[in-house]
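**Student:** Build the full structure now, drawing on both the sequences and the hints.
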Amino acid sequence: MRCKRVLKILLITIIVGGISACVEVGELKEETHTIQLGEAESVELELNMGAGELRLQGGGGELMEGTFLYNVDRWKPEIDYYVSGNRGILNIRQGKKSGIPVGKTRNKWDINLNNDVPLDIEINFGAGEGKLDFRGLTLSSLDIDMGVGDLTVDLSGEQRQNLDVSIDGGVGSGTLYLPENIGVRVHVDGGIGSISAKGMNKDGKVYTNDAYGKTDVSIDIKIEAGIGSIDLKLK
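So the sequence shown is residues 901 to 1135, counted in this note's numbering.
Don't read these hints as lab results, they were simulated from the structure.
It cannot be assumed that every hint is accurate.
Stated by the list, open to error - Straight-line alpha carbon distances no greater than 16 Å define the calculated EDC-like cross-link-like pairs of lysine to aspartate or glutamate that follow:
1) Lys1004 to Glu953
2) Lys1031 to Glu953
3) Lys1135 to Asp1110
4) Lys1105 to Asp1120
5) Lys996 to Glu978
Unchecked claim - Derived DEER-like restraints, expressed as beta-carbon distance ranges:
6) Thr1005 to Asp1120: 33 to 43 Å
7) Thr1005 to Gly1099: 31 to 41 Å
8) Glu1080 to Asp1050: 19 to 29 Å
9) Lys1004 to Lys1098: 35 to 45 Å
10) His1087 to Arg987: 21 to 31 Å
11) Leu969 to Asp1043: 21 to 31 Å
12) Asp1110 to Glu927: 49 to 59 Å
13) Gly961 to Asp1110: 31 to 41 Å
14) Val983 to Glu953: 23 to 33 Å
Keep in mind that this is a model prediction, so the values were computed, not measured.
Built from N, CA and C at the ideal position, the CB exists for glycine as well.
**Tutor:** Have a look at this one:
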């Protein structure tokens, strides 16, 4: 497991070095996209971003409302949505990531999702800064895979059902905001770095809050860490 993780980190470093190290950097472009739910009763969201700044939160009037800024033409976001039965499938992905940009690049996504639609979310984020605020959303499952950078995840809001969360981190820092009044269990495996979990109970690699096992719903989080720091914060 440790060897596999080291190889992954080395690969990420090579990829990110190639991305940032020749495609042309042009004028800054801004796009807005709105996706309507249609006949779907629940939605599976897969989001793939190579490098940049990612902001995701609730509060969307439609299924998805997003603003996308980029100055490399081939990074133009590609968005697909269709409904199969009563299930919506939404894919948001960065355009071609190959090549080596020359100059200062900009790639920022700001996405608002609908609070009332049950969501299974998978996020693959190569490098950069991610701020993911899931408060108010109706989450069914959450899977995050991040390569290099800083990640902030807020799960401190009310939870309507049991939630399984998987976070796979490469190199960087991660901050997780967790609820005090909903049972939370966090299992941290692998990695070289520090873990801060003020106010939580520790048993080996497992951290729980005082509410764990005492509430109708709970959040179970599995973190596969790389190199860096993890900060678990109750709020």
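**Student:** So, for every hint listed, does it hold in this structure?
**Tutor:** For each hint, the structure was consulted:
1. Distance restraint check for Lys1004 and Glu953: the Cα-Cα separation of roughly 14 Å lies within the 16 Å cut-off, and the hinted pair is therefore satisfied.
2. The straight-line distance between the Cα atoms of Lys1031 and Glu953 is roughly 8 Å, inside the 16 Å bound, and the hint therefore holds.
3. Taking the CA atoms of Lys1135 and Asp1110, the gap is about 13 Å. The hint holds against a cut of 16 Å.
4. Proximity of Lys1105 to Asp1120 is assessed by CA-CA distance (about 13 Å); at most 16 Å being required, the pair is judged to hold.
5. At roughly 10 Å between alpha-carbon atoms, Lys996 and Glu978 fall within 16 Å of each other, so this suggested pair holds.
6. Look at Thr1005 against Asp1120: about 37 Å separates their beta carbons, and that is inside 33 to 43 Å.
7. In this structure the supplied range 31 to 41 Å holds for Thr1005 paired with Gly1099, their Cβ-Cβ distance being about 39 Å.
8. Our hint of 19 to 29 Å for Glu1080 and Asp1050 holds, since their Cβ atoms are close to 24 Å apart.
9. At about 38 Å, the beta-carbon gap between Lys1004 and Lys1098 stays in the expected band of 35 to 45 Å.
10. Between His1087 and Arg987 the CB atoms are about 29 Å apart, so this pair conforms to the stated range of 21 to 31 Å.
11. Between Leu969 and Asp1043, the C-beta spacing of about 26 Å keeps the proposed range 21 to 31 Å intact.
12. Taking 49 to 59 Å as the suggested C-beta distance range, the pair Asp1110 and Glu927 conforms, at roughly 53 Å.
13. Checked against the hint of 31 to 41 Å, the C-beta distance between Gly961 and Asp1110 comes to roughly 37 Å, which is consistent with it.
14. Between Val983 and Glu953 the beta carbons are some 30 Å apart, a value that agrees with the proposed interval 23 to 33 Å.
Every hint, counting from the list given before, is met by this structure.
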